[in-house]
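Peer 1: What follows is each chain in one-letter form.
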Amino acid sequence: MGNLFKIAIRNLRRYKRRTLLTASLVTLGVVFVLIFVSVTGSFKSMMIGQMTDSMLGHLQVHRKGYLASIDNLPLNLNLKMQAYKKLEGILNQQPEVEAFSPRIKFGGMFSTFVETTNIRLNGVYPDRELKTVPLLPSRVTNGTNKTLEKGEIWIPELMSKSMKVNIGDTVVIIATNKDGSVNGKQFKVSGVLESATGPGGRDGYIHIEDAMEVLRMEEMEVSEVAIRIKDFSHLHSFKDRLGGLLSGELNKQGMPIYEVHTWETLSPFYNIARMIDMMAFFIKLMLVAIVLVSIMNVMIMAVYERVREIGTIAAIGTLPGKILSMFVVEGFSLGLLGVIAGNVLGMIIITIVNLSKITFSFGRQTGLILSAKVVPVDMLVISLIVIVISVIASLQPALKASRMEPIKALRHV
Amino acid sequence: MGLVEAENITKIYSVVATKVSKDYMAGEIAIRALNEVSFEIEPASFVSFVGPSGSGKTTLLNLIGCLDKPTDGKLMVAGTDVLHLDRKQSASFRGNNIGFIFQDFNLIPVLTVYENIEYPLLMVQNIPGGERKKRILTMLEAVGMIDQKDKYPDQISGGQKQRVAIARALVTNPKLVLADEPTANLDHKTAFLVLESMKKMRNEFQTTFIFSTHDQKIVGEAEIIYSLEDGQLIGKQAKGGKKNG
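So the protein lines, in turn, are chains G and F. Start counting the first sequence at 1; every next residue gets the next number (this note's numbering). Start counting the second sequence at 1001; every next residue gets the next number (this note's numbering).
Hints were generated in silico from the structure; no laboratory data involved. As the structure is a prediction and not an experimental result, all values here were calculated from the model. Where is the CB? At the ideal position from N, CA and C, for every residue including glycine. What you were told as hints is all true, and nothing was included just to trick you.
In the DSSO-like style, the derived pairs of lysine-lysine whose C-alpha atoms are separated by at most 27 Å in a straight line are:
hint, chain 1, residue 1, chain 2, residue 2
1, F, Lys1088, G, Lys6
2, G, Lys16, F, Lys1151
3, F, Lys1149, G, Lys6
4, G, Lys6, F, Lys1151
5, G, Lys161, G, Lys150
6, F, Lys1133, G, Lys6
7, F, Lys1069, G, Lys408
8, G, Lys85, G, Lys178
9, G, Lys80, G, Lys239
10, G, Lys408, F, Lys1019
Computed from the model, here is a short list of chain G residues facing chain F with C-beta under 8 Å:
hint, residue
11, Ile7
12, Ala315
13, Gly317
14, Leu319
Using the sequences plus the hints, can you model the full thing?
Peer 2: Here's what the structure looks like:
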């Protein structure tokens, strides 16, 4: 095998300029794909992280049918205490679960005594919520930034600005409960929440007991339970398992009580993430095309230029399989050269991008730092794609070489 | 019956051709390049096929070298009926039994003199390292190219290239060496030196040498001369005795 590589590398060195041009093309392809995949991958991970860790949680469990009406925040589709307790018991037994947080979500009126507007609110246990969505405090741009006490409210930044509400101000929340009874309660603003892209990105937060009081709940009813798992990569397997566990819980009509959703069904960003994945796929396809065309072109030329040599080695007894291997190894070596150079150059450029601290905006979020992170698996996949395609691209010319009749090849001028 | 005959023949002859014919198609017209050619060549002979261009010399060498197959007739090379060998078997047979010397030397340009001679041992016969080196150095010494072993083909003269080609052809210990116009691209002085090298190698390694030429000055160096004309064998001339040892 070593001899095949020696001959392949000597042959590549024989046509230095052509080898360099082709290897450069492969290198550029690898660099572009590596940068694109690392930048978009990091952007995607960051955005998913922002959404799951500051708002949604990794998964949510609702009462069956809640999600279809989620925009209305229906109070009549909350999980009753008994159902919640059952769910709590199941979740407490799952080793994959890091934390979970029950929420009461409702819509209400927000009044500053001067102006009134509508608001979407989350009633939460602050300690449990912060364990489930640990980035939530980082969105509190003003205020205590630590925890939410009873009688306090965190309001969205937009509302704070438009209604000129500051930390320490007193506001009133008025809401209608599921029976149609209206109630109100005074709150002290203790935090202003930076907007985030996605559902719930402009919601306010109050203590769950305050929510119960406003909604005149005698017994807690939960709109949703947000769950954080220890290993995000096991999200789907855990969702399937939890879904399986909960599917056995039926109501009096024999229908399932719960529905389980991952962040993907809860956030429209999932479609953007899918688009990013699609774009990455097409970029990889372009890389495949670049490698395929350039290497095949070089190898076809190599076979054409070396017909007499092929005839000679065939005449002196080289088996067709070995002739095939010679050209495949040559294409492989060319691809490998491009991969090594591409990975090195790509890493250098990504390091420069990271050191430059380029900022960008996404939705209402500004000043996000572009942090390109190379995932070793991506690097491996890109390298493998190039190498495999290099071999495939060499196969046709190599087959042609191996099938040449030595007598015809020797006559070639 | 046939097998017994074949076994007896292989003990005596390097090549036995019986009514060998070869047709080529030129468009829809069949052209007979060789017409019922029959001959026998003994081991360790130094044989030349002579004749004008188009007489069928190269066609005959290609058939003996298993690079092509006869249309009719029977051809035994080194005791093997080569008519029924498939592509892979032919390659293997060539690698183990036949050495080739080409008119244009056909050295591999990316390999040094040493590596060119090493090529068939390494890539065809898979000879182990120590044995390989010993054989290559013996050959380099025999053709007087030991000092040039690290040079590439484009760094040596035509005569030197042909000596390297001779060494490459002989390093595998073939039963016969085929040389198609081996001196055509060399000046007379170099051509005689190359032929001397070939004879020396024949004497040293007891290998059958078969070459084709139309150069009358070179023809005289052969011990047995077969004359070809229009695809037919028109004469055989034996000159002096075969040297042994």
